[in-house]
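Student: Each chain is listed here by its residues.
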Amino acid sequence: MSNLIDYINFSSPRWPVFSRVLAATFGGYALAIASSLLISQLLVHVTGKYQAIHIGLILTFLVYVCAAMWVFSVKTAKKAWIGLLKSIFFCLALTWLLAKITGVAN
Amino acid sequence: MKDSFRQSMKWFHTWVGLIVGWVLFFMFLTGTLGYFYQEITRWMEPERPFIEHNISNERLLDIAQAYLINNAQGVDEWDIMLPSVRDQNLRVGWRHPAEAGKKRGKYKIKVLDANTGDEIERRATGGGRLLYRMHYRFHYLPTEISYWIVGFCSMLMLLAVITGVVIHKKIFTDFFTFRAKKGLLGWLDIHNVLSVIALPFHFMITYSGLLFFLFTYMVLSTNLQTNEDELDAMLDEIYPRTAHLEKANQAAKMLDISILYQQAKTTWQADELSYVEMFAANDVNAHVLFVRHETDITYNPEDEVMVNAVTGELILQKPKEYTVTSMIHNGFFSLHEGHFAGSIARWIYFFTGLIGSAMIASGLILWTTKRKPKQLKNPNGPDFGYRLVEQLNIGTIVGLPIAIAMYFYANRLLPVDMANRVNWEANVMFISWAMLLIYPIFRPANKAWYEQLTLAALVYFALPLVNVLTTNKHLGNSLLQQDWNLAGFDLTLLVVGGCFAFAAYKFRALQVNIRPSKQAIKKVEKQCVQAMNESLLPLQQVNKDQC
Chain A
1 MSNLIDYINF SSPRWPVFSR VLAATFGGYA LAIASSLLIS QLLVHVTGKY QAIHIGLILT
61 FLVYVCAAMW VFSVKTAKKA WIGLLKSIFF CLALTWLLAK ITGVAN
Chain B
107 MKDSFRQSMK WFHTWVGLIV GWVLFFMFLT GTLGYFYQEI TRWMEPERPF IEHNISNERL
167 LDIAQAYLIN NAQGVDEWDI MLPSVRDQNL RVGWRHPAEA GKKRGKYKIK VLDANTGDEI
227 ERRATGGGRL LYRMHYRFHY LPTEISYWIV GFCSMLMLLA VITGVVIHKK IFTDFFTFRA
287 KKGLLGWLDI HNVLSVIALP FHFMITYSGL LFFLFTYMVL STNLQTNEDE LDAMLDEIYP
347 RTAHLEKANQ AAKMLDISIL YQQAKTTWQA DELSYVEMFA ANDVNAHVLF VRHETDITYN
407 PEDEVMVNAV TGELILQKPK EYTVTSMIHN GFFSLHEGHF AGSIARWIYF FTGLIGSAMI
467 ASGLILWTTK RKPKQLKNPN GPDFGYRLVE QLNIGTIVGL PIAIAMYFYA NRLLPVDMAN
527 RVNWEANVMF ISWAMLLIYP IFRPANKAWY EQLTLAALVY FALPLVNVLT TNKHLGNSLL
587 QQDWNLAGFD LTLLVVGGCF AFAAYKFRAL QVNIRPSKQA IKKVEKQCVQ AMNESLLPLQ
647 QVNKDQC
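Sequences listed follow chains A and B, in order.
The working numbering applies: residue 1 is where the first sequence begins, and numbers increase by one.
The working numbering applies: residue 107 is where the second sequence begins, and numbers increase by one.
Any given hint might turn out to be false.
[Said to hold, decoys possible] Here are some, though not all, of the chain A residues that point toward chain B, as calculated from beta-carbon distances under 7 Å:
1) His54
2) Ile55
3) Thr60
[Unchecked claim] When the alpha-carbon atoms are kept at most 20 Å apart in a straight line, the in silico DMTMM-like pairs for lysine to aspartate or glutamate are as follows:
4) Lys216/B x Glu151/B
5) Lys49/A x Asp342/B
6) Lys49/A x Asp338/B
7) Lys216/B x Asp523/B
8) Lys49/A x Asp109/B
9) Lys49/A x Glu427/B
10) Lys49/A x Glu158/B
11) Lys424/B x Asp409/B
12) Lys212/B x Glu225/B
13) Lys75/A x Asp109/B
14) Lys214/B x Glu183/B
15) Lys371/B x Glu164/B
16) Lys353/B x Asp185/B
17) Lys78/A x Asp109/B
18) Lys79/A x Asp109/B
[What the hints assert, rightly or not] Some chain A residues near chain B, calculated using beta-carbon distances under 7 Å:
19) Val46
20) Tyr50
21) Ile53
22) Leu59
23) Val65
24) Trp70
25) Phe72
Simulated from the structure, these hints should not be mistaken for lab results.
The model shown is predicted, which means the values in this text are computed figures rather than measured ones.
C-beta atoms are modelled at their ideal positions from N, C-alpha and C, and glycine is treated no differently.
All chains, please: the whole structure from these sequences, using the hints.
Tutor: What follows is the structure, given as C-alpha cells:
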C-alpha cells in the first residue's frame, strides 16, 4: 500500500524520471524531426533536394540518441524540457530563415 | 540525473538495457538464425532430395523450363533458382494471379527433382523464413504496429550501445581484462568482453535495422518536405530499379533458356549462375535476366546479364545509378543482411549475432547479480521487480532457445496433412515459450536455471534423434551423401545441446561449491544484521564502484 502511495505522490522521485522519459521519447523525436528539416535545408544547394532530405533522415537516429542521453544527464527534468524546446525552436527558426534567404521552400 | 555525466549514463544504460532487454534478445537470436534461413528451410522440408552432384547448369535450366511450360501456362514472369551452396535444390517460382481484394497474388515456389524434373511434394512449413521474419515482424501482431515496436526497441538498443561506450573508461584495456571470477565481477567482465569484441557489429546491425524502416519512423519529416510524387521520385532514387521492356502483346517463340545462358557465360567468362528471371514470356519483348552470386557489398552491375529471349541478343542495360547517400543506405542493408557473405563470412555473421544475443543476456543477468546480495537480505524476500526480472531472464535466455527447438520438433512431429500447419508450428513455439516463462514462477531461481538448462540440453540432443525416427534425411544419410547443409544443421544442434549441457554442469558445480559455505554465508548474514560485517563491505564497495 505504501508503495502505491509512493507512486501517486507527485513529490516522489518517480515523477521527474517519468517526465524525463516523456521528454526523451517525444521531445527527442520532435527534435530529431526538426534537425532533419534543418540539415536538409543546409544541404539542399550542395547535394540536391532528395539527397539533402535523405541525409537529414539518416542522421535523425543519432540526433535522437544524443537528445535522449542529454535529457537524462542534466540536473532537473525541467531543464531537460526547456533545453529540448529551445533546440527544437532553434532548428525550426533557422530552417525557416534559411528558406527565406535562399528562397527554397521545403 | 546523477552527479556526473558518466554516473548518469551508467544509470541510463542499466535501465535502457533492461526495459526491453528480452524483446531485444528475441530479435537478436531469431535475426541471427536468419543468416541461415535457407539452410533451415531446407532442413524443414525433408521431402527434398539430397544434394545432386554434377548436373550442368544447362541441364537444370532445361528441366526447369520444361516444368514451367507445362505448369505455368499464361504466366508472364517466372524465376528459376539454381542449386547453390546454401540451397541445394532446383527451384522455380512465379506469382499467382491476385485473389479478389488483394493487390498482388501469392508468390509460390516449387522444388523440382533435378533428375526427373517432377515437382517434389513438400510439407507445409514456415521454414527459416518465418523464423527470421519474426525479428522485425512479430508473429501475432499487425505489421505496422510491430514495425513501431521494433523501432522503439532498436532505438533503446542503439542508446544502450552508445551509452555503453560512454561509460566505458578503458575500452581498450578492458578488452584484455577477464577476471575469471564468480558473481558480479565475472558477469561484468563477460558483458564487457561480449560488447567490445563485436562493437562495430552491434552498432551496424542496430543502426541499419532502424534504416530499414526509415520512411515509416520519420514519416513526419518526409511529409513536411515532400508531396507524394516527390516522395516516389526520392524513393526511386534511393532504391533504383532496372528498367524493363513492357509486354507488346504479340506472341513470339522463345529460344531455350539454356541456349540464352551461353551469352551470360561468355560475358562472365565463368559458369556461376545463381538465378534467372523471365519477363514477358512468349512475347516479342520477352527477355531474361541472368544473375550470378552476389559478390559485392555494394551493387555490381556486372553480376547481371540481360538477354533477348526471342533473338538471343545481349540487351545492354544502363547500370542502376546510385547516389552517394543511397549507396550508404543500401550498403547498410547489405551489411545487415549479409547476402554477399560466403560460407566463412556467414558463420562469422552467425557468431557475432550470437555474441550480440549473449551480450544482451549477460547484461540482463548482471542486473540481477548486482542486486542479489541486497535482495537476499530483504526480510520479506526479494522484491516483485527483482523476481520478475529473474523469471523473465530464465524464461527467455534459456526458454527461447528451447522454444525455437520446439518449432523444429513441431515441423517433424505435427501430422503432415494437418490444416493450418504453418501457423501451428509457430503456435507450438510460442506456447512452449509461454510455458517456460511461467515455470520459473513456481521454482526457486537456482533450480529453475538448472532445470531449464538441462531441458535445453536434452531437447537439442534429442532433435537429431527425432530426425532419425521421422525422416530419411538424418545425420547418417546426410554424412554419407556429403550433404553438408543438412549434416551441418544436425551437427549444430548437437553442439548447441553440448553447450547447454556444459552450462548446466557448470551451473550445478558452482552451486555445489557454494553449498558447504552456505552456512557460513548465513552466519555472515546474521552478523551483518547486527553489525556490518567486514567481509561484505568490500562487496558493497564493488557494487557501487563497478556498476
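Student: Give a verdict on every hint.
Tutor: Going down the list of hints, with the structure as the test:
A least Cβ separation of about 5 Å between His54/A and chain B falls short of the 7 Å threshold, and the interface hint therefore holds. Contact between Ile55/A and chain B, as hinted, is supported at the beta carbon level, the nearest pair being about 6 Å apart and thus within 7 Å. Nearest Cβ of chain B to the Cβ of Thr60/A: about 5 Å, under the 7 Å cut. The hint holds. A hinted pair counts as satisfied when its Cα atoms are at most 20 Å apart, and Lys216/B with Glu151/B qualifies at roughly 12 Å.
In summary, the hint linking Lys49/A to Asp342/B is supported, as the alpha carbons are separated by about 14 Å, within the 20 Å threshold. Straight-line distance between C-alpha atoms of Lys49/A and Asp338/B comes to about 13 Å, which keeps the hinted pair within the 20 Å bound. Of the pairs offered as hints, the one joining Lys216/B and Asp523/B holds, with about 18 Å between alpha carbons and a cut-off of 20 Å not exceeded. With a CA separation close to 44 Å, the supplied pair Lys49/A and Asp109/B exceeds the 20 Å bound.
Between the alpha carbons of Lys49/A and Glu427/B the distance comes to roughly 17 Å, so the proposed pair stays at or under 20 Å and holds. Taking the CA atoms of Lys49/A and Glu158/B, the gap is about 52 Å. The hint is violated against a cut of 20 Å. Taking the CA atoms of Lys424/B and Asp409/B, the gap is near 13 Å; set against the 20 Å cutoff, the hint holds. Distance restraint check for Lys212/B and Glu225/B: the Cα-Cα separation of roughly 18 Å lies within the 20 Å cut-off, and the hinted pair is therefore satisfied.
Among the hinted pairs, Lys75/A with Asp109/B is consistent with the structure: their alpha-carbon atoms are about 8 Å apart, no more than 20 Å. Under the criterion of a C-alpha separation no larger than 20 Å, the hint pairing Lys214/B with Glu183/B is consistent with the structure, at around 12 Å. Simply put, Lys371/B and Glu164/B have alpha-carbon atoms about 11 Å apart, close enough for the 20 Å limit, and the pair holds. Between Lys353/B and Asp185/B, the direct Cα distance comes to roughly 17 Å. Compliance with the 20 Å bound is thereby established for this hinted pair.
As the CA atoms of Lys78/A and Asp109/B are separated by approximately 17 Å, the hinted pair is consistent with the 20 Å bound. This hinted pair checks out: Lys79/A and Asp109/B have alpha carbons roughly 15 Å apart, not beyond 20 Å. This hint is violated: Val46/A has a C-beta 11 Å from the nearest C-beta of chain B, more than the 7 Å allowed. With its C-beta approaching chain B no nearer than about 4 Å, Tyr50/A sits inside the 7 Å limit, and its interface hint holds.
At a threshold of 7 Å, the smallest CB-CB gap from Ile53/A to chain B is about 5 Å, leaving the interface hint in force. Because the beta carbon of Leu59/A sits about 10 Å from the nearest beta carbon in chain B, more than 7 Å, this interface hint is broken. Because the beta carbon of Val65/A sits about 6 Å from the nearest beta carbon in chain B, less than 7 Å, this interface hint is met. At a threshold of 7 Å, the smallest CB-CB gap from Trp70/A to chain B is about 10 Å, leaving the interface hint violated.
Interface hint status for Phe72/A: upheld, as the beta-carbon distance to the closest one in chain B is roughly 5 Å, under 7 Å.
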